[in-house]
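There are 2 protein chains.
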Amino acid sequence: MTDTTHTPTEDALVIFTPSGKRGRFALGTPVLTAARQLGVDLDSVCGGRGICSKCQITPGYGEFSKHGVTVEADALTDWNAVEERYKTKRGMIDGRRLGCQAKVMGDVVIDVPPESQVHKQVIRKSASQRDIVMDPATRALYVEVAEPDMHEPTGDFERLVTALQQQWGVGEVAAELPILRRLQPALRKGNWSVTVALHKGNHDARHRILDIWPGFHEGKLYGLAIDLGSTTIAAHLCDLHDGSVLASSGVMNPQIRFGEDLMSRVSYAMMNPGGDVEMTAAVRTALNGLVQAIATEAKIVPTSIYEITFVCNPVMHHLLLGIDPVELGQAPFALATSGSLVLDAADLDIKAVNPAARVYILPCIAGHVGADCAAVALSEEPNKSKEMVLIVDVGTNAELLLGNESRVLACSSPTGPAFEGAQISSGQRAAPGAIERVEIDPETKEARFRVIGSDLWSSDPGFVAATSNSGITGICGSGIIEAVAEMRMAGLVDQGGLIGSADQTGTTRCIAEGRTHSYVLHDGTANGGPLITVTQGDIRAIQLAKAALYAGAKLLMDEMQIETVEKVVLAGAFGAHISPKHAMVLGMIPDVALDKVISAGNAAGTGARIALCNVAARDYIEATVHQIHKVETAIEPRFQEHFVNASAIPNAVDTFPELSKIVTLPQVSFNTSGSGGAGGRRRRG
Amino acid sequence: MTDTTHTPTEDALVIFTPSGKRGRFALGTPVLTAARQLGVDLDSVCGGRGICSKCQITPGYGEFSKHGVTVEADALTDWNAVEERYKTKRGMIDGRRLGCQAKVMGDVVIDVPPESQVHKQVIRKSASQRDIVMDPATRALYVEVAEPDMHEPTGDFERLVTALQQQWGVGEVAAELPILRRLQPALRKGNWSVTVALHKGNHDARHRILDIWPGFHEGKLYGLAIDLGSTTIAAHLCDLHDGSVLASSGVMNPQIRFGEDLMSRVSYAMMNPGGDVEMTAAVRTALNGLVQAIATEAKIVPTSIYEITFVCNPVMHHLLLGIDPVELGQAPFALATSGSLVLDAADLDIKAVNPAARVYILPCIAGHVGADCAAVALSEEPNKSKEMVLIVDVGTNAELLLGNESRVLACSSPTGPAFEGAQISSGQRAAPGAIERVEIDPETKEARFRVIGSDLWSSDPGFVAATSNSGITGICGSGIIEAVAEMRMAGLVDQGGLIGSADQTGTTRCIAEGRTHSYVLHDGTANGGPLITVTQGDIRAIQLAKAALYAGAKLLMDEMQIETVEKVVLAGAFGAHISPKHAMVLGMIPDVALDKVISAGNAAGTGARIALCNVAARDYIEATVHQIHKVETAIEPRFQEHFVNASAIPNAVDTFPELSKIVTLPQVSFNTSGSGGAGGRRRRG
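Those sequence lines, one after another, are chains A and B.
What the first sequence shows, in my numbering, is residues 1 to 685, in sequence order.
What the second sequence shows, in my numbering, is residues 686 to 1370, in sequence order.
Isolated chain A, as found in the complex (with noise of 0.2 Å):
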């Protein structure tokens, strides 16, 4: 039972799931060219010899009444020496057939299962509606070339380029020299085929080949998606065929010892003649050992990476192309090139990689809000979004996107690195041992908590013993947020910031620290461990982070003209890991909802990585970064004023009318200069 009238004996009904494109094909039609034909995403390296077996389907037989079609046992010519021959050496999994070699003798229905698609879906994003698509800059096309023949002369390279034409349907072809000496000895060995990995660039109209072996080319192609921050570089390594990310590895950007923060390395170029050299050298160094920790991880050869994207805030952009960030320090904070830019993997000295690897660097928004910020609205895409959601992306720098499918703005705001752990007396990096999730009990003043490496809280039997490998060795980015906004909902520290004497407080956890108080959350030093306390310059590094935050985002309200957003999003590894209700209680974000506060982590590198995974998406966040409108901060006099406000905990203007549903903060004040001790006693409500 077919669905047009037809002669059986001269073509057959061929139908594609799950796109349930269909066709009819002459009888002895290989399933890949029908697939081909009506559009149907059906993988092939190889070009259909019966070589690379990324073209795996799965025909079905019997009755498919959903398509008004009966699939009898022959409707594909049989099980070929080509399909056991591969199937012996690799493996392949039963009723599985090589498209390229099965030809269809009547009216099927052929699966295509998502490994076979060369557009298989392998970002999924965390806030948004589409997934991301395989389409890489970068891949691997097993070519046929015609020999030369002595009468009508051309060069080998012009008839490899005439095969890719012919065999991939790709535009220009443009191969650097080292390949050019490469090719004569590879077609010969090859016996008139090779494979090639063939780069398309989206500013230059023309390909180039990458690379080039004899015959079908086993070997993969990856790509490292890269992160480069001011405290960390991380770097994610994927397949470019199947997008997989293999491994993922970071390392502290050396460029630390030059200044912490990013106006204390400008500072460092501006007073050092050539220290905009050195911390360059730095960070390209320390690319070259980030290659080579990351392939050994994942057990590849560092020169099968051919392409590298890169996210950066504009300083690290800067430095890492070479060129001296001094205009970045000063009004107007002009950028040297705002453009992305695609560049060989050579232009930076990156070695370790394949010596014909490109980069792509994303685009900058502006002197302040660098590529990393495009990544980030690459990934989250407030420009698609019907609710008007801020997000953050908290780092040394913190990033800010606020908007709508209407309008988006941005910008950047100074937060420091406290929320990194660092500038806080027991603060340290996430890592096994440190503190990450606190909670202090209203009534008795005691903390438990939680380190990174164990699921207990230190108030749980074995707690003790989890913990014995790593010790208990500090507070990260997370515990400390936790840590004062606990200490706030418990009282223990006022509006202001202060806290109070163990005598205002009725706990001998609070300690005195000269003329101020820490609060001890963990004394190990009986067992020769530390004595882990939050200091009062603790509370004020992060009065300072947290203000510099909040200021950014009542900046992008104000030119918004909103009072209130939407939806808020926490981007950032550190992001991740951030309470939405401790951030709240900290007046870090805007008064929302709890449950429109999302995490989607590491939204930069997820950018990085789906420019790595789908090459149009670099056209795409090329054309949305003009959309994007700009606030500077550094100049903006109501900074200042926001600033001041948002010092306090949660704020002093603002209310937070969506916080005050879930908690009530006590109403204490600690500040005794002016209506003394006693004034400031907690009043238990």
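In short, the hints are calculated from the structure, not lab data.
Everything hinted at is true.
Taking CB as the label site, the calculated pair distances span: (1) A:THR58 <-> B:TYR1305: 48 to 58 Å; (2) B:LEU1216 <-> A:PRO355: 57 to 67 Å; (3) A:GLN292 <-> B:GLY959: 21 to 31 Å; (4) A:ALA346 <-> B:GLY724: 36 to 46 Å; (5) A:GLU566 <-> B:GLY886: 43 to 53 Å; (6) B:GLY959 <-> A:ALA346: 16 to 26 Å; (7) A:THR58 <-> B:GLY959: 49 to 59 Å.
No experiment lies behind these values; they were computed from the predicted model shown.
Note that beta-carbon positions come from the ideal geometry of N, C-alpha and C, so glycine has one too.
Fit chain B to the supplied structure of chain A, relying on the hints for placement.
The following block gives chain B in isolation, referenced to the frame of chain A:
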């Protein structure tokens, strides 16, 4: 008196000569603006800002009846301070004005002198209808760039590009990292004006900034046109603004130590692993030396060289690029790449020029017919000839082109270095002291000659004194051709190439050397000088070389199905010095009326210079080479037959009717093996 009705106070008629373009313009319009709007070719580097002085024009005053206009003395605004300052500083021809300063105040006739035209004619081609006008790929452009605006953030580079697009109408613009590094300081030092060296690729639609200077840059940009031959590397240093040749220089190709001719170099690469790398390094080192030398000679800094064009045969082409030429040594003689190439000079290790300098290598036609032949085709344009023309570029390898506007054929022929004086017993390079012209009296068999460096014949009074500095040192290529041809005409050499004995020829200048004879051209031994003879071996070497050349021409004529050609063009540095009559007596070239044999000088070098000065010529020759059909001499059976016939002087089978009209060759034979010595005696006519 004007040609249209108008209100005299509002606009005026402006007529440009020599173009004849005319139009009405509002009073106060600068002459440069009027020129631009009419499409008149009036130069400007600074964009009309009174800085560069390239827009000088000469206004005409009085009655111009031809144009129907009378020009009053106040037709242009008065000489102004900008012009005064320029004239004081640099000087200016009386009557000249700066087109950007002088404004139209009444009807006026404006002459644009040749040096103020952008598209100056610079290369007058020897045998062609059209002349080459300046349209170089790289030019200096002055631009004023918008200052950064914090509220509308864009990169400095992006604003520079916008300025270039708005002020110079260019398309997409790119810059490499070294330029981006220098961009911000240059813009600020130049108070937001810069001059850039902008390169327009013919493959890539994008322009590229090669250099940048603060403000207006006075310095000139230069280019090199290089003819990379097997034996000699010749370079012309050209001003990229006006096309003038500042210096021409040449060095020996150091690859000679690996083999005198092309095939021996290919053999060296085959027999010695890494041999190709050695030869590549040798030629690149020589190129760096040549760049330094020619820059020193012209008194310019080599970093002001921004472009190099190369022409060369396929083996030189591959060795320059670092590609092993092994495939060129065996059928099917496959080139690694036949297309033109656009590279960085740094890709070829040419370090002496500007670090951003670009290289253009003309396309090859086939495995034995290279970019040098393409350059000859560009210079001589056989494809535009109404006559059937044979173009012979004589070098160590001869390149031949045959055709007319209907069809063009090409081949190469391995003549070897005999025509360049190598493999000749008294042979030497063309240098002072070398015999270049020879006459032998057919009656007395006495010779007279001229040497390079003097216009006197050796029979003239004062010859000895005139040549006392150089001496008489040997025979150069054109000298040996004349000597052998004169010997044939004087009956000293027979059709088979045998030199007769003193007895057979009746002159004691024929001396025995073993079983063969030599002819004494000059005996300097009495004064300690050399004995310069033409030996039987010399005749054999010339026979082999000229037979190869003629056989190549005959193959092309066979393919074209013609018996005679209508014109012969002798190209190559050597071709310029060959006497057409003597070449035809030898049977080097097909029979044609002597006035139809034309010397084109170094046509390959001219082609390189055309490609340097005119970027459109690159597209043109790339399209043209595809229409040139290549004939492969190496595997064509008829080549051998033609070669054997052409070994006779002039030829065993072909008649030379045109030659017969002016020269009667003696019917002599000195072959004593068959009919004995006496039978070979010359019969006097």
